[in-house]
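Enquirer: Let the hints inform the model, and build the full structure from the sequences given.
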Amino acid sequence: MLKALNIDPGKCTGCLQCELACSFENEGVFNPSKSRIKVFNFHDQGRFVPYTCTQCDEAWCMHACPVDAIALNKLTGAKEVNDNLCVGCKVCTIACPFGTVNYNSATGKVIKCDLCGGDPECAKACPTEAITFVDADWTGLDKMRKWAARTDAGQQAAH
Amino acid sequence: MAWAKRILRVDLTKGTCTHEPLNMDWAQRYLGQRGLATKYLMEEIDPKVDPLDPGNKLIMATGPLTGTCASTAGRYSVITKGALTGAIACSNSGGFFGNEMKNAGLDMIIFEGRAKAPVYLFIDNDDCRLEDASGYWGTSVWDTEEGIKEAHGDPQIRVASIGVAGEKGVKFACVVNDMHRAAGRSGVGTVMGSKNLKAVAIRGTKGVSVDDMPRFLKAAAAGKKVLAENAVTGQGLPAYGTQVLMNVINETGALPTRNHRDIQFEGASKISAEAMAEPRESDGKPNLVRNAACFGCTIACGRVSTVDRTHYTVAERPQYQVASGGLEYEAAWALGAATGVDDLDALTFANFVCNEQGIDPISFGATLGAAMELFEDGVITAKDTGGIEVKFGSAKALTDLAELTGRGEGFGAEIGLGSKLLCEKYGKPELSMSVKGQEFPAYDSRGIQGMGLTYATSNRGACHLRSYTVASEILGIPEKTDPLVTDGKAGLVKAFQDATAAVDSAGICVFTTFAWTLEDIAPQIDAACEGDWSVEKLLEVGERVWNLERQFNLAAGFTGKDDTLPKRLLKDAAKTGPAKGLTNGLEKMLPEYYQLRGWSKDGVPTNETVSRLGM
Numbered sequence: 001m002l003k004a005l006n007i008d009p010g011k012c013t014g015c016l017q018c019e020l021a022c023s024f025e026n027e028g029v030f031n032p033s034k035s036r037i038k039v040f041n042f043h044d045q046g047r048f049v050p051y052t053c054t055q056c057d058e059a060w061c062m063h064a065c066p067v068d069a070i071a072l073n074k075l076t077g078a079k080e081v082n083d084n085l086c087v088g089c090k091v092c093t094i095a096c097p098f099g100t101v102n103y104n105s106a107t108g109k110v111i112k113c114d115l116c117g118g119d120p121e122c123a124k125a126c127p128t129e130a131i132t133f134v135d136a137d138w139t140g141l142d143k144m145r146k147w148a149a150r151t152d153a154g155q156q157a158a159h
Numbered sequence: 001m002a003w004a005k006r007i008l009r010v011d012l013t014k015g016t017c018t019h020e021p022l023n024m025d026w027a028q029r030y031l032g033q034r035g036l037a038t039k040y041l042m043e044e045i046d047p048k049v050d051p052l053d054p055g056n057k058l059i060m061a062t063g064p065l066t067g068t069c070a071s072t073a074g075r076y077s078v079i080t081k082g083a084l085t086g087a088i089a090c091s092n093s094g095g096f097f098g099n100e101m102k103n104a105g106l107d108m109i110i111f112e113g114r115a116k117a118p119v120y121l122f123i124d125n126d127d128c129r130l131e132d133a134s135g136y137w138g139t140s141v142w143d144t145e146e147g148i149k150e151a152h153g154d155p156q157i158r159v160a161s162i163g164v165a166g167e168k169g170v171k172f173a174c175v176v177n178d179m180h181r182a183a184g185r186s187g188v189g190t191v192m193g194s195k196n197l198k199a200v201a202i203r204g205t206k207g208v209s210v211d212d213m214p215r216f217l218k219a220a221a222a223g224k225k226v227l228a229e230n231a232v233t234g235q236g237l238p239a240y241g242t243q244v245l246m247n248v249i250n251e252t253g254a255l256p257t258r259n260h261r262d263i264q265f266e267g268a269s270k271i272s273a274e275a276m277a278e279p280r281e282s283d284g285k286p287n288l289v290r291n292a293a294c295f296g297c298t299i300a301c302g303r304v305s306t307v308d309r310t311h312y313t314v315a316e317r318p319q320y321q322v323a324s325g326g327l328e329y330e331a332a333w334a335l336g337a338a339t340g341v342d343d344l345d346a347l348t349f350a351n352f353v354c355n356e357q358g359i360d361p362i363s364f365g366a367t368l369g370a371a372m373e374l375f376e377d378g379v380i381t382a383k384d385t386g387g388i389e390v391k392f393g394s395a396k397a398l399t400d401l402a403e404l405t406g407r408g409e410g411f412g413a414e415i416g417l418g419s420k421l422l423c424e425k426y427g428k429p430e431l432s433m434s435v436k437g438q439e440f441p442a443y444d445s446r447g448i449q450g451m452g453l454t455y456a457t458s459n460r461g462a463c464h465l466r467s468y469t470v471a472s473e474i475l476g477i478p479e480k481t482d483p484l485v486t487d488g489k490a491g492l493v494k495a496f497q498d499a500t501a502a503v504d505s506a507g508i509c510v511f512t513t514f515a516w517t518l519e520d521i522a523p524q525i526d527a528a529c530e531g532d533w534s535v536e537k538l539l540e541v542g543e544r545v546w547n548l549e550r551q552f553n554l555a556a557g558f559t560g561k562d563d564t565l566p567k568r569l570l571k572d573a574a575k576t577g578p579a580k581g582l583t584n585g586l587e588k589m590l591p592e593y594y595q596l597r598g599w600s601k602d603g604v605p606t607n608e609t610v611s612r613l614g615m
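Protein sequences, first through last, are from chains A and B. Number 81 in our numbering belongs to position 81 of the first sequence; there are no gaps in the numbering. Number 213 in our numbering belongs to position 213 of the second sequence; there are no gaps in the numbering.
Treat the hints loosely; a few may be bogus.
Only pairs whose alpha carbons sit at most 27 Å apart, straight line, appear in this in silico DSS-like list of lysine-lysine [as the list claims (entries may be wrong)]:
(1) A:Lys11 with A:Lys90
(2) B:Lys561 with B:Lys588
(3) B:Lys494 with B:Lys537
(4) A:Lys146 with B:Lys285
(5) A:Lys146 with A:Lys11
(6) B:Lys270 with B:Lys396
(7) B:Lys270 with B:Lys206
(8) B:Lys285 with A:Lys109
(9) B:Lys225 with A:Lys38
(10) B:Lys285 with A:Lys11
(11) A:Lys38 with A:Lys90
(12) B:Lys428 with B:Lys494
(13) B:Lys428 with B:Lys561
(14) B:Lys494 with A:Lys11
(15) A:Lys38 with B:Lys206
(16) B:Lys588 with B:Lys567
(17) B:Lys383 with A:Lys143
(18) B:Lys383 with B:Lys425
(19) B:Lys149 with A:Lys38
(20) B:Lys206 with A:Lys90
(21) B:Lys428 with B:Lys383
(22) B:Lys225 with A:Lys3
(23) A:Lys124 with B:Lys218
(24) A:Lys124 with B:Lys225
(25) A:Lys38 with A:Lys3
(26) B:Lys225 with B:Lys580
(27) B:Lys149 with A:Lys90
(28) B:Lys225 with A:Lys11
(29) B:Lys580 with B:Lys480
(30) A:Lys124 with B:Lys206
(31) B:Lys218 with A:Lys38
Some chain B residues flagged as far from chain A (calculated, every beta-carbon gap over 10 Å) [as the list claims (entries may be wrong)]:
(32) Pro21
(33) Leu130
(34) Val248
These aren't lab readings, by the way, just hints derived from the structure by calculation. We treat Cβ as the ideally placed atom computed from N, Cα and C, and that holds for glycine.
Expert: As structure tokens, this is what we get:
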């Protein structure tokens, strides 16, 4: 079963444990500035939104790369950057419509979410289940269940 | 590792920024943050110095765990000689600033001297420089934070700044970071203002490591599990915030009301967590938008709130019709029960203003309560207050004076003196509900006896965060004690004081201790830091820190005679509730406390104690 990251911003408290876990997995230190997932704080609205690569099937970054440094991991569905091939040209960062692949000036390569090889640390670190790793074909299942429960409630009350 | 092992010294007089190695011998003995910075301050300034003199120094300090993935590990503190108290001051703040500082490779920033003109410190990793802040002088915390981010074109910069109150010398000005997280008490922002230092802006991208990473990851994960499974940290605080206490403490008969004249507030339920969650008439939405976390915190007790758009305070002012930092318990108490105001929207607005201009809502609300008593007693009149009817229960007086105090204008400048100087000025010193010049927080020590000793002996003046015996006396954590008796409280206070000093020195939040004991904390510190960090060593560090703070205060001129409470709490019995008829029994607890501390009858650490702690 292919799995995907599923983000529920309503549950996010903005604690950044996902950024800590991501940066540790990829850099070996705690460093939110090097995280592949970012939590955005829309202060005036009281909203926190985690955002990262959604692993497009026809990934703009992958198609744009002139040296084929971005490739599909067939097991996880992730589009992974091969550091040995990446030349740091940043064309992928221009091609990506969502901004989720970024240049790292410390290494001269680009960085993006690779789903940690199929067991994403951000999802494991999230204390509120705002980030989960679920069946890629059923990322809407929980929302459907929630609305399904509400749909039936009217009839229940009528009886 | 864990420590960045580097400090930044900023000489504001000369305009220089210099990196220095951290004194690792001291780090092994004082851990970090509160303890270690107090050690630096004690070594570097004359404790008798006027807090607003250039000779006073101001230290921003992280702990060794700050910036790691341990739960709540984003704390930093501001340590200085307090403007409100003249005592050692250490005010702790969450948000995200502490993590940014650590990621710039800094355990501490020491500010000394005074800049000729307003400046702010800008740090981009190793690049540190003072920049002209004249464009921000006279503006609020909120405008300064936004302005600096815009000027540098980097929304990821973290800023800690003072508002107009800190510039104008309001005695209880805060240093506010991330819009509404504050190093709140004792006037640390006033000291910052006296140095012509408007803000500190940091971008840090270096990364934070620890000594034994595999062991640390396990210990941190075990700690998070304990927090998640605990009823207070896993359910109560995220759902209700600290405001869960409003109704509890009121029913306990320990909610100081109208400048401590009463001990229960008839309007408590209207300003409680439950009220914040109730949909309002105008738009069907509740005051509370959601909970929010500080850096790395898996509890997330923070409140995000809005003021009702039809409320008089914001109806004509759209800039306040947004979500911002909502009421925590201490602020709700001070702005509400202490002043007798039960208008939740007025309190929420006043709280916004406190954050916007950087004033401590506890000292502000409590001082306003004292002013209201002076007004009702006819000691001051509308002539003194610029026409404002400063009466108990007046929401208008609360919100008008929050704005005036925030800007240090009109009668707000007098409120900005703090209750001690205000009441002395009008010849009624006994009406100041304070210890060592700092106003009480939200627990009346007639209804919670241990808190009387907590307040009387707190090194930074009246404070609940130095030994929160409420946990034991009311909530039964770690075990229940009777709030109405003095027996055993001396030992309880000492135990809480020492443990809390260690927790504050580590870089984590004291709220973890609703669930964690030092048995949960020591393995995290031990894995993160070089050296052996057992529970015993942490308790020893805590006791050493406590005694160091005491020595600072004694050198500053305080004596055992200052370990006392206002007459109202010692002589006037509680009128209602379970504590009806009781005063605080401080005289029964204090001698035993001195004895347990290894201090003389005058409250001075004996030579034996000093040498036992290796000070």
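Enquirer: Looking at the structure, which of the earlier hints fail to hold?
Expert: Hints 1, 7, 8, 12, 14, 17, 26 are the ones this structure does not satisfy, whereas the remaining hints hold.
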